[in-house]
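Participant: So the chains spell out like this:
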Amino acid sequence: GENVEQHPSTLSVQEGDSAVIKCTYSDSASNYFPWYKQELGKRPQLIIDIRSNVGEKKDQRIAVTLNKTAKHFSLHITETQPEDSAVYFCALSLSGYSTLTFGKGTMLLVSP
Amino acid sequence: EADIYQTPRYLVIGTGKKITLECSQTMGHDKMYWYQQDPGMELHLIHYSYGVNSTEKGDLSSESTVSRIRTEHFPLTLESARPSHTSQYLCASSEDSWGEGYTFGSGTRLTVV
Numbered sequence: 009g010e011n012v013e014q015h016p017s018t019l020s021v022q023e024g025d026s027a028v029i030k031c032t033y034s035d036s037a038s039n040y041f042p043w044y045k046q047e048l049g050k051r052p053q054l055i056i057d058i059r060s061n062v063g064e065k066k067d068q069r070i071a072v073t074l075n076k077t078a079k080h081f082s083l084h085i086t087e088t089q090p091e092d093s094a095v096y097f098c099a100l101s102l103s104g105y106s107t108l109t110f111g112k113g114t115m116l117l118v119s120p
Numbered sequence: 003e004a005d006i007y008q009t010p011r012y013l014v015i016g017t018g019k020k021i022t023l024e025c026s027q028t029m030g031h032d033k034m035y036w037y038q039q040d041p042g043m044e045l046h047l048i049h050y051s052y053g054v055n056s057t058e059k060g061d062l063s064s065e066s067t068v069s070r071i072r073t074e075h076f077p078l079t080l081e082s083a084r085p086s087h088t089s090q091y092l093c094a095s096s097e098d099s100w101g102e103g104y105t106f107g108s109g110t111r112l113t114v115v
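Line order of the protein sequences matches chains A and B.
If you're matching positions, the first sequence starts at 9 in the numbering used here and goes up one per residue.
If you're matching positions, the second sequence starts at 3 in the numbering used here and goes up one per residue.
One or more of the hints may lead you astray.
Claimed, not checked - The calculated lysine-lysine pairs, modelled on DSS-like cross-linking and capped at a C-alpha distance of 27 Å, are:
| no. | chain 1 | residue 1 | chain 2 | residue 2 |
| --- | --- | --- | --- | --- |
| 1 | A | K45 | B | K59 |
| 2 | B | K20 | B | K59 |
| 3 | B | K59 | A | K50 |
| 4 | B | K59 | A | K112 |
| 5 | A | K30 | A | K65 |
No lab work stands behind these hints: they were computed from the structure.
Construct the entire structure; sequences and hints are all you get.
Facilitator: Set out below in structure tokens:
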């Protein structure tokens with residue numbers, strides 16, 4: 009299956025700072041890019057997603073950007089809060105397929 | 003409330019035992035998936051189904067098997083559990099061909115001793 013490289017693996021920020029997590033991929037047939045948040049001991053939950061015909065999508069403090077030419081997409085969290093602390097996963101699927109391939113995850117720690 | 007349910011949440015069993023992890027969803031989704039989540043957090047697809055009587059193996063080789071006799075039910079079975087099967091198993095479902103609307107269950111944490 010498609011590989012997804014996710015960086016960084018851990019990220020520590022101060023409350024109020026911005027956080028950026030980046031994922032790269034190789035298959036140009038990838039066309040759906042969701043992001044999931046998994047709090048400790050809980051299930052992964054979809055927080056935002058983007059399709060290949062869109063370059064940027066925003067939902068309050070979170071945004072996702074997609075660069076199809078360079079084959080990378082990023083999650084941006086502004087004005088971070090302690091409750092943003094969690095593991096974040098990027099994922100993607102190929103055109104015509106519903107299975108998602110996940111990145112290895114980024115542990116975000118927001119300190120008060 | 004429409005959701006996806008996994009039982010049990012925690013399971014400790016001895017080596018060689020046969021076990022079945024249950025997954026049921028009440029959302030009417032056609033597509034269902036099993037992921038294995040290792041201690042390093044990474045999620046690996048082990049099985050998926052596009053509908054009744056449809057099952058496929060995922061990217062990660064697994065000694066488990068699945069069945070899909072009813073739309074809402076997608077159980078995973080280990081015929082002979084081993085310590086290497088110790089992991090968290092997450093079930094998910096979706097209704098869209100692009101994987102939109104992936105909803106995960108709360109997971110089963112399996113320990114084989």
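Participant: It remains to establish, for every hint, whether it holds in the given structure.
Facilitator: Here's how the hints hold up against the structure:
1. A:K45 - B:K59: Holds, because 26 Å separates the two Cα atoms, which is no more than 27 Å.
2. B:K20 - B:K59: 20 Å, holds
3. B:K59 - A:K50: Since the Cα atoms of K59 of chain B and K50 of chain A sit roughly 25 Å apart, the hinted pair holds (cutoff 27 Å).
4. B:K59 - A:K112: 20 Å, holds
5. A:K30 - A:K65: 15 Å, holds
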